[in-house]
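Between the sequences and the hints, there should be enough to build the whole structure, so can you do that?
4 protein chains.
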Amino acid sequence: MYNFSPSTEQEELLARARKIMEEDVYPAEKHIIPGVGLPAEILKPIQQKVKEQNLWAAHLPIEIGGLGLGNVFLGLLNEILGSSPIGPRCFGTAAPDTGNTEILLKAGTPKQIEKYLKPVINDDIRSCFAMTEPDVSGADPTGIQTSAVRDGNEWVLNGKKWFASNAGLSSFAIVMAVTNPDAAPHERASMFIVDIGTPGFELIRDIAVMGDFSEGGHWEIHLNNCRIPAENILGKEGEGFKLAQMRLGPGRITHAMRWLGVMNRSFDLMIEYALKRKTRGKPLAEFQTIQNFIADSAAEISASRLMTLHAAWKMDQGEDARKEIALIKFYGAKILNDVISRAIQVHGSLGYSKDTPLEAFYREARAAHIYDGPDEVHRMVVAKRYLKEYQMKKNEELVENSAR
Amino acid sequence: MYNFSPSTEQEELLARARKIMEEDVYPAEKHIIPGVGLPAEILKPIQQKVKEQNLWAAHLPIEIGGLGLGNVFLGLLNEILGSSPIGPRCFGTAAPDTGNTEILLKAGTPKQIEKYLKPVINDDIRSCFAMTEPDVSGADPTGIQTSAVRDGNEWVLNGKKWFASNAGLSSFAIVMAVTNPDAAPHERASMFIVDIGTPGFELIRDIAVMGDFSEGGHWEIHLNNCRIPAENILGKEGEGFKLAQMRLGPGRITHAMRWLGVMNRSFDLMIEYALKRKTRGKPLAEFQTIQNFIADSAAEISASRLMTLHAAWKMDQGEDARKEIALIKFYGAKILNDVISRAIQVHGSLGYSKDTPLEAFYREARAAHIYDGPDEVHRMVVAKRYLKEYQMKKNEELVENSAR
Amino acid sequence: MYNFSPSTEQEELLARARKIMEEDVYPAEKHIIPGVGLPAEILKPIQQKVKEQNLWAAHLPIEIGGLGLGNVFLGLLNEILGSSPIGPRCFGTAAPDTGNTEILLKAGTPKQIEKYLKPVINDDIRSCFAMTEPDVSGADPTGIQTSAVRDGNEWVLNGKKWFASNAGLSSFAIVMAVTNPDAAPHERASMFIVDIGTPGFELIRDIAVMGDFSEGGHWEIHLNNCRIPAENILGKEGEGFKLAQMRLGPGRITHAMRWLGVMNRSFDLMIEYALKRKTRGKPLAEFQTIQNFIADSAAEISASRLMTLHAAWKMDQGEDARKEIALIKFYGAKILNDVISRAIQVHGSLGYSKDTPLEAFYREARAAHIYDGPDEVHRMVVAKRYLKEYQMKKNEELVENSAR
Amino acid sequence: MYNFSPSTEQEELLARARKIMEEDVYPAEKHIIPGVGLPAEILKPIQQKVKEQNLWAAHLPIEIGGLGLGNVFLGLLNEILGSSPIGPRCFGTAAPDTGNTEILLKAGTPKQIEKYLKPVINDDIRSCFAMTEPDVSGADPTGIQTSAVRDGNEWVLNGKKWFASNAGLSSFAIVMAVTNPDAAPHERASMFIVDIGTPGFELIRDIAVMGDFSEGGHWEIHLNNCRIPAENILGKEGEGFKLAQMRLGPGRITHAMRWLGVMNRSFDLMIEYALKRKTRGKPLAEFQTIQNFIADSAAEISASRLMTLHAAWKMDQGEDARKEIALIKFYGAKILNDVISRAIQVHGSLGYSKDTPLEAFYREARAAHIYDGPDEVHRMVVAKRYLKEYQMKKNEELVENSAR
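Protein chains in written order, with UniProt numbering: chain E, 1 to 404; chain U, 1 to 404; chain V, 1 to 404; chain D, 1 to 404.
What the hints contain is simulated information worked out from the structure, not anything from laboratory work.
Among the hints, a few may not be true.
Since the list gives no way to pick one copy over another, a pair counts as held whenever it fits inside one copy or between any two copies.
Quick list of in silico lysine-lysine cross-link-like pairs, DSSO-like style, CA-CA up to 27 Å [stated by the list, open to error]:
(1) Lys-242 - Lys-115
(2) Lys-393 - Lys-106
(3) Lys-276 - Lys-384
(4) Lys-334 - Lys-384
(5) Lys-30 - Lys-354
(6) Lys-384 - Lys-314
(7) Lys-51 - Lys-242
Structural data, given as structure tokens:
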């Protein structure tokens, strides 16, 4: 039923990744510029080492330079990388580029692959994804209003986007726009590649947010008669949602995997401080409330970890894992926030300060309840799938019974 | 790392068990007498069928008539049996007999095995376990006060026990008593087999409790100069705690496995009723609060299931799984209670009535926070183990660093 | 804004009530027969004492033999009575009679008052209330299906009711039935008085439930061409909902008041046991987890108490307190369950046994989430009222702004 | 028992405060510089208006320029001011100055009052409070290590302090230091006034923290042979803890009062957005999950409000309110965080951005679990007081019983 064990060679890769984290990534954290990330002179050598050790862009298929080892392996790897905000970038698997490469891989023309995919994979250029709109609930992507109208050899795009993460550093954006307003809800939109700098593609403002792990901001973008070549459509007309779904589904599980890294690190910090810090004459570790924090966190992290690997394993079997992915998205988000918060509480004022990574983890983690679909939507998705399954089973029984 | 998959032949056994549950066990539930169980004329034929289909007493090694298929398999089987309060008894794995058989297997003399173990395995006689005492916290078994003093060819037992489950139906009790008051805390006590009916072994009262799944009550027992043959000691003098630990550890995981069955069944009932029952013109299933109940329950059951199987798998690997067992004991107990409570809430007054099994599940489940060690002790155990591990790692690092 | 202080004379009444509880009611608890209550020979002398001390039926206006001291006073009194399951009956304020007397007071004809109200007030006869139906969600009373059709000088009632508490001991029932199926949803039904024993009024079964504080059961009742005199209508045709609302609103606050008594008593038991019981060499009271239980319970009880008195006080001011009543109904229900559960946990196995009142409190308390409207409905009511208020304020601002 | 009603003239003052908030304070929020506050040219005119309307420094006695209207009134006023991070400063009641003024009022010499107290009250200068130390748990103030040794006409201070809020803007600091290391734990320390700029008083660094409501930072300060005049002791030698307790107690309730303002504003924003924003074709307000958020928040805010006013009222009666203050400190902190978090969730990405005040509220609120004593300490304080009360009652009963 379940088999989450890495092979011996995978174990070896994971150990190598762990070593780079300890030797290079954690020590580099002190150079992080909030909202910007690592300076290139620090980042590039680490990336080079990762490439040399054959750990670069592990999420990609072998053909395109990745490792092609499946989702359980990725879960175990991302758990390691996720323990540092700069881990994924150092290992060539940083969002939102990863999601964009997956779309380009699936739907890109040879020319698009050459021009956009390859340099992104190599981290020579960065990219962003512009789907969410200020006037439409992000929880309901069928409502988007940005339009793309064909005019001769060009598409003309008009509309507003926001929370386009990384736009400030990107060379191009993947933009979702309605191409056929009269089609069925999930066939109205298409995806387009827009080069940054195209006239009419206006970077309005970097929306300030609670967390500062993003390197390239979260931008509001206005499209004013932005004209792009006809060939810049990604996939076929009307395929926008299909591609978005392909991008978001695995993206959610990637989040859950990285959360594990954050949880583990918070757990480590919590225990280490509890052993060290004294109050009223004894270490915090001897207070039962602190012990409860540790035990509850251990249980929840274990739950989170097994559920994430289970979802990944199901994906590897080629089975439908949407329910499992939705489950861990909302359940894991709560655990993530709770574990970090307990670690902060153990540290007291120190935990509230920026002297430990916990404070930044806490701010970043609040977004986990929101991005890639709010908790409320994932709960609904899970419930509706179960309800449908039970309804179908019931209907079958009715048919069977009436057939007797 | 993790592999919880049953083999094809195990799958076949599980399917067979599921079939017996549906065809025989669930339909027999209407004959349950609360606090007593199934009448023999209903129970015995089901047990016979289970034996014929080679599913009897699956927890035991092959040599003694069990299946010997390991703990992961037992988890999957007990998940099925646990969905009915009479499932375990029908399949020859009912507590407290199972725990007692495990001690007898480990420590019993050939004569004890012949006289006590074999008839219990075959469900010809029943047994009970008398450890907890009214004047001593059950969370601290080293404090027990009942004494056993050697007098010639006999042991003379004095003291009070309570919550000896099943005593009302038992042919013998396994009694824990202090044989060496001056020894180290975990070497003070020994175990004894006492035949019910031995003079001085007084069944004082069946302590009324919230739940009524027990068939033979929860008894207070007084031992007044109760004399038993010297040969009735179980194992060696001073081995009482070692044997108790051996009994309780796996017992806890068995509880967690059966809770899965209760959760699954509550989940089924919740969804089926939500699809059927209407309020304000639409099925309950369409209300978002009910959908949230379903999604949260699905997440928690998944967590509980994976953690239970994980602990079982670790035991099968011969690894120390005490942390994992403690985790699922307190974490699973909460989930169990919450899932049942949500299922009741969906049913409204009906859920509060005895017209569905949920009401009895709810009362029974409250004990899960208490029996085999309260939540508080398991949290403490988990925390202390983590703290010790981290302390040791820290010490090693100090040593390494000072060696440089 | 808020003034919850009893006058000196009210303080004196409360002290008197407290004394009777301690001297007579608590000691009588050992005579309770679960699901039946106190035997008359124990009950009647206590009731007599209460009457002599001018504390009988305090909820009623002075004219009809009550105290007429308002809802804040009743809150403080019910907090005292609610600490014992037999308190309200001993003091002449037991449900469902109290609710029925309120309807009779408001809507009863002089003849009905003489025949039904007065003997109920005096506890000479008992009564029940039959509104909920098995085929209709109790959360949506507008859906009831029982019909009452006028036939000459009689009403003919047909339909099914269930969870009619106390029916097994009642002399009459107040029955809700549809008299005008085509009217607006809240004007379709009327209330009727039906004497127990009237042909066609069939007590089908006492529905077994989790709790056993009810004295007269929770009955399923079928009405088969049950004919009653035309004069037995209560109030006017179509007033059924208006009267039910009048009955249920104050009923909900009465529940909340009595819950306080249960919480207080559970809190007392928790602390007393924590001081007394030792584990691992020290009293439970010294364990931080137990201290957390105490502190959290103290906070929640304080919240519950102030919110209940606040709602009562608002009612006394003649203000609309529906929001406040709905708030305390669902918020208090959770607190009630949590406080009892913690008290049980502190007691361990003993708390799970029937040796303390906690076990019965726990079973009874589960119904608090359901009766008089499930939590889900009260949450919805609160939210909709707030939403409406804010929407109205917003509309006013729009009007104001456009007028400028 | 409870009377929280403001008088008519108090109502009038509160209305005036509300008007200033709406007309001046909220509109000024857009000028806030995070971590710095309002520029003087915006702040000063508002402060002037507050002074003219006789609302300045309301927490102080009349003699010294305050309103002297008691704690219930202050609760109601602070609820209003607390809804904006700049409210308290605009109204002359900003921490940490308020706490410092209270100490100066109690213990200051006429000269200290003239030199330090009066200009602080008038907001001509600012001050800070340096108690917490990096090497000692803030939850255990008896452990502080900074020393003050008398040398002729001077005190010589040595040690480290941190989280001295506002130090960056202050003219003086109140510093706690050990004057008698051998005294009883609560009599070891004294308080001193140290002018900023005194040699040896080194502002090491502004400790970056999660929230940015503080105007003058949270500083680490080292005292290196810092010499101050002997007359700069505050109160008597050994009175440090007495004065600190006097400062912190009312400070905690002031926090709780202001939290109410934050909760109210978050609640407003949540509902207003839920009414406005649509998803899947209907306003968020129509989704049951959102309605549950509203209802749960309403209940919790009501609890928080009543408990805060209750504690204030008890203080006004001259009664010991330490238990009530501790209760609302930890209970209110949780509610504060939960209400803000729900408001953010309703806003989705917008709530996570800095486009609404919710994001800043969320970061600030996390500290509520920590400052002025962590939750864990307040829970312990409450529990120990209850335990002591019950133990005393029990002892009295034992004495009474033995006397009979």
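Hint check:
1. Lys-242 - Lys-115: within (23 Å within a copy, 69 Å between copies)
2. Lys-393 - Lys-106: neither (35 Å within a copy, 46 Å between copies)
3. Lys-276 - Lys-384: Only across copies: Lys-276 and Lys-384 sit 15 Å apart there, 48 Å inside one copy, limit 27 Å.
4. Lys-334 - Lys-384: Answer is both; intra-copy 21 Å and inter-copy 25 Å each pass.
5. Lys-30 - Lys-354: both (11 Å within a copy, 26 Å between copies)
6. Lys-384 - Lys-314: within (20 Å within a copy, 35 Å between copies)
7. Lys-51 - Lys-242: Result: close neither inside a copy nor across copies, 32 Å intra and 53 Å inter.
When held up to the earlier numbered hints, the structure conflicts with 2, 7 and fits the remainder.
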